[in-house]
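Visitor: The lines below spell out each chain.
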Amino acid sequence: MSAARLKGGASAPSSLLNDDVPRHPFFSSKPFRIAIRLGLLAILDTVSLLFIWTLIANGRYPLAIVVFLVTVGVNVAFLYEKAYPFKWFSPGLALMIIMLAYPTAYTLYVAFTNYGDGHLLTKIQVINQLESRTYLPEGAREYSWTAYRSEGGEFILWLQSEEGDFLADPGEELAPADRVPRNILGPLDSNGIPTEISGYQRLSRVEVLKHLDELSAVEYGVAPDTARVSSLDAAQQLEQRYVYDRQIDAMVDQIDGTVYSPVEGAFTSEDGRVLRPGYWVAIGTKNFVRLFTSPALAGPFVRVLVWTFVFAALSVFLTFVFGLFFALVLDHPRMPAKRTVRSLLLIPYAVPAFISVNIWRAMFSRHFGMITTTLESIFGSSPLWLADPFWAKIGILIVQTWLGFPYMMLICTGALQSLPDDIFEAARIDGAGPLHQFWHLTLPLLLVAVGPLLIASFAFNFNNFTVIDIFAEGGPPMAGTLTPAGHTDILITYIFRLAFASDRGADFGYASAITIVIFAILAVVTALQFRYTRVWEEISENV
Amino acid sequence: MKRVLLLMLLLSLALFPVFAAAETEETAEEPEAEMEVDPDITLVIWADELRAPLMEALGVEFTKTYGVGVVVQQLGFGDIRDNIKVAGPAGEGGDILVGAHDWLGELVTSGVVAPLDLGAKVNEFTEASIAAFTYDGQLYGLPYAVENIAFFYNADMLDSAPADWDEVREVAIALENAGTVEYGFVRQEGDPYHFFPIQTAFGGYVFGVNPDGTYDADDVGIDNAGSLAAAKWLEDMVVDDHIPAGVDWDTYHTLFETGQAAMMITGPWALDRLNTSGVNYEIAPIPGGGKPFLGVQGFMVNAFSDNKALAIAFLTEFVATSDVMYEMYERDGRAPAHKAALARVSDERISAFGEAGREGLPMPAIPEMSAVWSAWGDAVTLIMQEQVTGEEAFTNAAEQIRNTIAGN
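Quick mapping for you: the protein sequence lines, in order, are chains A and B. Okay, so the first sequence: first residue is 1 according to this note's numbering, each after it adds one. Okay, so the second sequence: first residue is 1 according to this note's numbering, each after it adds one.
Only chain B is shown next, with the shape it has when bound in the complex (with noise of 0.2 Å):
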């Protein structure tokens, strides 16, 4: 018996050498593509399927111009966040990581993301974009894209936008009683992404602000004076059926399309499809000096990486140029985070954008921030399901946000 166990042994570590070597022989091999490229140096980058054929792109020049390797891993956007959690610590997973700024909570809390240093070139990228990435003041992501939503009204009914929601509710109730459209104005059923500048436009708010810039958890805003004013407007809207309810996504931009709703608020990923409609619409800043929630989408570096300092060095170098950046916008159609770049934007549209965004509030990032969402979105599905009043629904709201942060 143990002879037998010894000659295992024996016949498996005579055979390990023979399986350890078909292991790394085969990682060796994939870089081999081009003939200068150094073998001992691969940069990795996790991207999302938007952004992996433009990756792999700049990959295939940076790896021209410095001889080094770039290989693209496409993984869902949200997987990225999720999966380097578990590969960076384990010394796997990109170098490089696309990003979205409110991943920084909980990324850098865990101390997964390295920091950045862009040196001069802080400067050249708008100051909300860097805002967005910067955590505990210290950078740690390479902002490219900004992205906001903003106010859409049909051209061929409103000559301009109105100057406020109370003026959003003249109108709508003029058109309606003309017959020109079904609804004044449309909206999702919930969706508090998309009621924040309607918040914001009668002064509410979510999270206060610190004397630095930064979100205070301990101040939550959703019932005061301004978020309870936009509650009420809402309420009225709904109870006046000027918005209607139970609409989802796709529903209220149809409506919008189709000319049977004259106003709403959306996002630059509906542009493909109002254009395919062919309605007439413009996009104007919100009324009533509404601030959006910015999204900034960026690059992050892996702070497991071996290859951390050239990873920054790819980032810096090599992306943060007008160039590229433009190329980037290009293939993407988001607003750049690069001022130069973003100059040489000339879709009226994009700037339009651009425009609603300027008084943008980067979202949240702190981690309080997950505590918010499902209460406050229930309680605008309340008031559009006309179940509680707006009051009720948003003083609610905020007990079960204060609850929650500090039950956790």
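Only chain A is shown next, with the shape it has when bound in the complex (with noise of 0.2 Å):
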């Protein structure tokens, strides 16, 4: 490598003068070490920065918040001598609390609202919504409307109605055309229409086009005798339908008087009669409250919890089984052509489920599929795959085996390779055959090295919602049920169906409570899980 390498920073002078030297002494000092942490330190706190402003003004608070401790965590890691070691788990930390703690304790926190359809919205945004309702009061006036422009911006109408024309200012009463002074307006056209006003232009209906919200959000004269821009077309006197009261946090009718308190996250008047948007609220237990009375519990909720628990354990089984024999054979000192049978096997794993579930949906199909057609041609029937509820389990099992299996393959291969020689040398001499090999030496050691994964396996297998969903949306459906559930629903595409059917709706808020139960029931079957694996550690200490 290069002399300045060799030598360091140290020593300026020789590498001065050996001038292919590509590295100037200066670029290794410490203070240009300093100014580029600082640099890179100042780009990133620019980004958050920028990040954290669009966040405020989107009224994302929490976020805002965990962003700006985030950044500030990160600066002190860098800046501060003590705090040195943070510096390199920093960028991990740092995203692992924007990237999962965020999102889960969001998720919590949406658990206890009711974020989702009819209220997506935040309440001023409701109030402004309703607020900018109107209505058009018995007898008010239509017009029709030209607008003028002035070079600062500001509009002015020229109103024709049955009762006359007027010239409309904001803030100012409206006009009749024979009380405005000849001589501010220009001629008139054919339509009886000043082809301009002084100081403003008559507006072309190309223009009138690109103005049309600035014209509309403006109220023309004064109360009670108003126009406001409701159309291309048309101007009328429209009055604001609903007024929000400060003082007692309640929309009041303006027609009727009626005044809509907040309940629950919609401006609700006494008689029940609520105000649609409503607006995101937090509203306590009640999430959890409708998902443990929902029918869903009462209804097959147990014949689909005992299918996950069968699916998951036997999913996990079955692909441990088969990854482990052709671990096993592959390991084999005498098997030819290694690599290759072991690339041709990882294919079910490297093709997307969305595309071999779908092939083997395909397969399985009743009248053309290829598993039915050759069963039928060899033993004159076959089962109903996707009708049948067993067999529509079996498939399903099949399906997944098939996908899995690759991967048992591959962790076991590597655990495989790491099992010590000496052991089973020592077995050998002491005469154990390999079948005695391997229940009483491969299987336990192995257990110990993969029983986390095949922990991760289940875990993953439980909440399996794309095999599931697309071999055959959880069907054949169970007949008599209180709710609709199919045969191989499992639990979490049983409520995803039950809470969001058919794709119609969002509800955020019951959503996330679903999560969490979800959560909180694999974390139980997980932490029993684990303590099991403990029983295998201790096989694997006595061997």
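Check before you lean on any hint, since a few could be wrong.
As the list claims (entries may be wrong) - Covered by chain A, according to a simulated footprint, are these stretches of chain B (three or more residues, beta-carbon under 8 Å): (1) 61-70; (2) 107-113; (3) 239-251; (4) 270-279; (5) 284-293; (6) 383-389.
Claimed, not checked - Derived lysine-lysine pairs resembling DSSO-like cross-links, with alpha carbons at most 27 Å apart: (7) 308/B x 123/A; (8) 291/B x 210/A; (9) 339/B x 291/B; (10) 339/B x 121/B; (11) 121/B x 308/B; (12) 210/A x 121/B; (13) 291/B x 232/B; (14) 64/B x 210/A; (15) 121/B x 64/B; (16) 30/A x 82/A; (17) 123/A x 286/A; (18) 64/B x 308/B.
Claimed, not checked - Not close to chain A: a few residues of chain B, all C-beta gaps over 10 Å, as computed: (19) 56; (20) 122; (21) 157; (22) 159; (23) 163; (24) 177; (25) 213; (26) 215; (27) 229; (28) 232; (29) 349.
In case anyone wonders, no lab produced these hints; they're calculated from the structure. Note that the Cβ used here is the ideal one computed from N, Cα and C, for glycine as well.
Build the complex: two chains, separate frames, hints provided.
Guide: Structural data, given as structure tokens:
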């Protein structure tokens, strides 16, 4: 390598002389490194400041605070000598907080709110939206209008109605045409509309279109005699329908004086009429109460839960058995073309489940499916894979085994290679046959290594939405149940379908509550399983 | 330590405007494609794959005439509905949304779409399409196309469509006995959408209708006498092997196209493949006066748009004309909701669909509809799989639907 690298940055004069050296000593000096560090940190801070700025502008204060704290933390780690060790894992920690811890906390929070369809907006947004609603009072006047714009971007209107023409200026009374001084009006066109008004230019239809939103945001005239632009053709004497009374925290209907007070995120009158939309508020444990009292739990819940455990356990067992089998076969020294076979066996793992499950589904299809027709031509009949409750379950286990065994094969291959040879040698000398070796050495030692991965696999299959949903959407349906359910539905597909049936509607609060409950079930199951893996570890210690 | 932190803050503040300026510059540059275009206003349209090219073409014309830039952002059809719920309130999202009328239940109750006032132009559209886009007495969308399913029969085998569903059964038996076809009538397993017209032909319904024309979620009609009669009809057809079980959408179309089946119900989206197959088919209204669901496509306006009035003007002034509506039909192939454009349609197949949908019912947009689909679909599947009788299946489905509505 270069001389500078060998000599280090200390010997400045000599490296200056060898000018083929790419790095000037300054660049490896301490001030430079500090400058680099500060520069990068400054860029990071700027980006997060910008991010926080956007978040605050969108009213997302909690996330803004978290990002702020994380940024401060990263700065401290890089600038404060004593926090020096934190420097190395601060990127990981920062991402963990923002991508994992915060969303989890946020889900927990949402579970206690009514965030969802009908309650998507904030209270301020709802008040603004309701306050912008207008109504046409009885006997209200309707005009056609022409707009004029000043250099400074102010608008006035020339209104025409059955009761004559008016000049309308925001904040000033509507002026009947005959009282407007003639000298400020330009010549009239064939419809009696001035072509210009002093200081203001008449807008063409194209120009009007561009300014339509500004035009309709303004009220012209003085109450009660006002006009608002309601469409390209009409201006009307529109009145504000609802007014928010800050004192009593309620919306008041200007037509009949009804008072709408907030009830669970919606302005509600005393006789129970609700102003839509509602807004997003905390509703305590209502989502959880709703889940635990829902007909879903009184329905086929137990059957679904049992199948969920059976599915997850059998999936892990079958994939592990096949994965281990292939791993052992491929581990054998006399196995030819190992690499090729291993690569081929990895294919089910490499193909996305979205594709392969659909292909399996087609192969199981009743009339033209390859599996069905083949079985029919050999045995004269074939199980109704997608219609029969039992065979649908078998079918889905076959598919899941196909999808999952390469993963198990991979981890078993890795674990097998790490097993110490000397124990096996000792076993052989002691006269243990291959089977005896497998049951008493290989398997226990292997289980210690892959045990945690089996648990992870169980947890994954417990929530394996994709395979269940693509294969038969949980079907075939169960007959005579309290709520719709299918024979291959697992907990997550069953509840998902019930809560968000047919992909319609979004109820984020309820969904979060369900997520948390399923998370709790999984946490308990996983914790129990980890306890049992210790048993394996004890075995391994005794080997 | 403190000094360094202060330095950091100053450095950040110094860099801040640089980044901020870079950001605003980027957004401002986009609409400068055309010379006269006003750089301050851009209409953003959210459209799906099918309508995006069309909206782009319309946008170019609009920009030429009015000097306002139009940007079309392409999203998945269902994603438009889901994303606007989050993007809209955050001040983002399209100003104009392409969508279906049955989204209104969610979007209106959430305050995400703005009311529209078509004025006298309302009368230029078919009553059914306007009714579909009306929610709680207020119009929320500009309809452009109506779609519904209709009855198809093989014209080489049948001279005319059967008058009712008992005749469908008789014709099916006759054709099967004559060895003309394998199955008289074919349909997909499950799939309540295609079963609904049969159900209504027997007097069934999903939700009762209030005096003001809105749907009444307390009146579930899945187990009324008519619905049960329709379920019984299906059960008999399946048990006697006149309708094959375990068939999916593709398969039943193939059976019809290859002459192995004589009758089916399907929608305009199947026309292309039917024409390619060369089968001699005719389209007829649903036998027995069955009413299909009407799906109405149209445009909605984002309630949080900064260009709300402009977006509405774009729709009412520019899109809601006979020419544009006809152009949309030519590109899209669905029957126009605009009367004048509909009158210009010369394709008799589209007219036939229009005929079949004349008495159609708008797909309920009320949120309770979500409780219906899976229970109802399961019931149809169970009948077709011969697991339970039609009466059991539909009685149970109605119970499930009432449970779900009450439980939520």
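Visitor: Of the hints stated earlier, which fail here?
Guide: 4, 5 and 8
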